Structure formats: C-alpha cells, structure tokens
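Protein chains in written order, with this note's numbering: chain A, 350 to 504; chain B, 3 to 154.
A few of these clues could be false.
[Said to hold, decoys possible] Selected chain B positions facing chain A (in silico; Cβ < 8 Å):
id	residue
1	G10
2	A16
3	V19
4	P74
5	N76
6	L108
7	T110
8	I131
9	P135
10	G138
11	V141
[Claimed, not checked] Over the 10 Å line for every Cβ pair with chain A, so calculated as not near, a few chain B residues:
id	residue
12	G4
13	T12
14	Y34
15	G56
16	D70
17	N82
18	P84
19	R92
20	N113
21	T140
22	G142
23	D144
Keep in mind the hints are simulated off the structure, nothing from the lab.
Small disclaimer: the values here were computed from a predicted structure and weren't measured.
Ideal Cβ positions, reconstructed from N, Cα and C, are used throughout, including at glycine.
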Amino acid sequence: MYDPTITTRKRITSAVWALVVNAIFWIVIPYYVGVFLAGRVPESALTVPTFVYEFGILFTILEVGAAFFQGKAVAVPLISAVALLTVVYIWYATNGGVLGVETAGITIAVSFRLMLYVLVLPSIWAAIRAPLSYMVWRRAIKTAVSSAPAASPVS
Amino acid sequence: MGIWALRGVTVAVALVVLLVIGTVAYSAYEDYNAVKAELVGGSKQAVGAAVLRGSMEMVSINITVPNDGLYPLNVTLTCNYPTSNVVCQRTSVDVSPGGEGVLRFLMTVSNVSQFENSGNRMINGTVAISMTPFVGLTVGTDFGGFVKTGGA
Chain A
350 MYDPTITTRK RITSAVWALV VNAIFWIVIP YYVGVFLAGR VPESALTVPT FVYEFGILFT
410 ILEVGAAFFQ GKAVAVPLIS AVALLTVVYI WYATNGGVLG VETAGITIAV SFRLMLYVLV
470 LPSIWAAIRA PLSYMVWRRA IKTAVSSAPA ASPVS
Chain B
3 MGIWALRGVT VAVALVVLLV IGTVAYSAYE DYNAVKAELV GGSKQAVGAA VLRGSMEMVS
63 INITVPNDGL YPLNVTLTCN YPTSNVVCQR TSVDVSPGGE GVLRFLMTVS NVSQFENSGN
123 RMINGTVAIS MTPFVGLTVG TDFGGFVKTG GA
C-alpha cells in the first residue's frame with residue numbers, strides 16, 4: 350500500500366482514473382437518476398438532493414488527492430478524510446437514522462439509529478486503519494533496515 | 003504480525019455488518035410474511051368489535067402478532083384525541099422470536115353523538131412496530147374510522 354517507489358506516471362494515471370470513476374458515480378449517475386425521476390413522476394417532489402453533488406465534489410477531490418499521493422504519508426489523512434466523509438454522508442442522507450414520509454393522511458417513520466451505527470462502522474474503521482497501517486509499514490521498514498547485515502568493507 | 007491484526011479486524015468488522023444486515027433483513031421479511039398471513043387469511047385473524055351502550059361506544063380490537071424473525075418484536079398501539087370524549091387504552095405487546103402475542107386495543111367514545119357532531123372526527127392513532135433493538139417503524143393514521151357513526 351505505501352510504496353514510495355510508485356512512478357509519477359502511475360500516480361497521474363490513478364488520479365485520472367479516480368476522477369473519472371467519481372465523476373461518473375457522483376455527477377453522471379445522480380444527474381440521469383434525476384432526469385429519470387422527473388420524466389417518470391413529473392408531479393412528485395422526487396429529485397436528487399443538491400447535497401449529493403456537494404458531497405460528490407468533496408469525495409472526488411479527496412479521492413483524486415489520495416490516488417495521486419498514494420504511497421506517501423500525505424495520502425494517509427486523505428484516505429481517513431474520505432472514510433470520515435462517508436460517515437457524515439451516510440448520517441446526513443439517512444437523517445441520522447430517522448426517515449419519514451407523509452402521504453394521504455398516513456405518516457410513516459422508520460427509525461434505525463442503532464442499525465446506522467453498524468452501517469458506519471466499516472467507514473470508521475477505515476479512517477482508523479489508514480494511519481495504523483502506515484505506522485505498521487513504517488515500523489516494518491525500520492525493522493528491516495536495522496536487521497539488514499552491514500556491508501562488508503572492501504579489502 | 004501488525005498487518006495481519008489489521009486485516010483480522012477488517013474481516014471481523016465486515017462480518018459483524020453482514021451478520022446484522024442479514025439477520026435484520028431476514029427477520030423483517032419473515033415478520034412481514036407472518037403478520038400478513040395472520041391478518042389476511044390466518045386462523046387467528048384480527049378481531050374487531052364496536053359496541054354501543056347508550057351514548058357510549060367501545061371499540062375493541064384483538065390482533066394476534068406472530069414473530070417468525072430472529073429479534074424480539076414490540077407492537078404498540080396508541081391514540082390521542084384533543085378532548086376527553088375519546089379515551090384510548092395504550093396497549094403494547096412484546097413477542098419473543100418464535101412466539102406470538104395478542105394485542106388487545108380498547109378505545110372508548112363516551113358520547114358518540116357529540117363525537118359525530120364535532121368538527122374533528124379524526125383520532126390520531128399510532129402503530130409502532132419495533133424490531134428490538136435495531137429497527138422501529140411508526141405508522142400514524144386515523145383511528146376515527148373504527149367508530150361506527152350513526153349508531154351501532
């Protein structure tokens with residue numbers, strides 16, 4: 350994961366790839382979903398909320414940065430930031446685990462706060478794992494260097 | 003050693019999430035099917051009765067709630083009305099996995115003609131179904147339809 354020997358060419362390729370994938374996922378797909386919903390149910394208030402695009406821009410910036418700086422220490426906070434942003438996004442999108450709808454005099458509310466904690470658990474762990482794996486990698490490098498045999502003097 | 007520990011935690015977290023989502027989805031599906039079967043064509047269908055005694059009407063509903071899921075189920079019925087003319091008995095039943103419980107709901111309208119003539123015939127009722135501890139569903143609807151207007 351933390352390989353400092355990655356070439357600049359590969360970094361740029363990864364960053365461009367991350368940009369394309371995120372643009373499709375966060376901009377193209379929501380846009381066409383919005384067009385589809387507007388076409389199928391023109392009278393309804395079903396639209397793709399603006400915050401999806403706002404979060405998408407943030408996700409794209411962080412993902413592209415993490416891809417570009419992969420193998421370097423600066424990628425660690427970016428990876429953690431993506432994971433934490435995922436937690437915030439899930440929390441925001443699900444209204445903190447309480448969703449409700451009102452139609453024809455009937456109010457339906459679903460509450461799944463504890464379930465939400467479980468759902469964000471992998472993202473929280475990913476945010477913690479990024480610096481931990483970097484520290485583990487650094488320790489492994491130090492151990493390998495200190496245990497390597499010293500070069501024999503040229504006679 | 004360190005990297006394997008991290009991978010172990012990652013796998014454990016993934017397993018916990020999959021386990022919880024899987025069991026909750028399975029329980030919701032089983033509970034929905036069981037309740038639907040009971041209410042639509044089961045042997046213990048929901049039994050409702052509206053009895054008029056003078057100017058007072060009593061509405062009672064008995065519902066058998068089966069739980070074929072993996073989590074305990076709690077079903078609660080409540081309602082509220084702006085005046086004391088309509089009194090609801092808040093009722094709740096806890097059903098353990100594999101078991102079934104009976105929900106007995108009683109609503110009393112002390113003066114039916116006053117209820118009929120009042121501008122507000124809507125009794126705000128709430129049905130709360132909770133798959134303890136993960137998911138809860140609350141449905142708010144009008145219980146006024148249970149009251150037989152114009153006499154029994």
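Against the structure, the hints come out as follows:
no.	hint	in the structure
1	G10	11 Å, violated
2	A16	7 Å, holds
3	V19	6 Å, holds
4	P74	14 Å, violated
5	N76	12 Å, violated
6	L108	22 Å, violated
7	T110	23 Å, violated
8	I131	10 Å, violated
9	P135	5 Å, holds
10	G138	4 Å, holds
11	V141	5 Å, holds
12	G4	4 Å, violated
13	T12	7 Å, violated
14	Y34	13 Å, holds
15	G56	31 Å, holds
16	D70	20 Å, holds
17	N82	14 Å, holds
18	P84	17 Å, holds
19	R92	18 Å, holds
20	N113	25 Å, holds
21	T140	4 Å, violated
22	G142	4 Å, violated
23	D144	6 Å, violated
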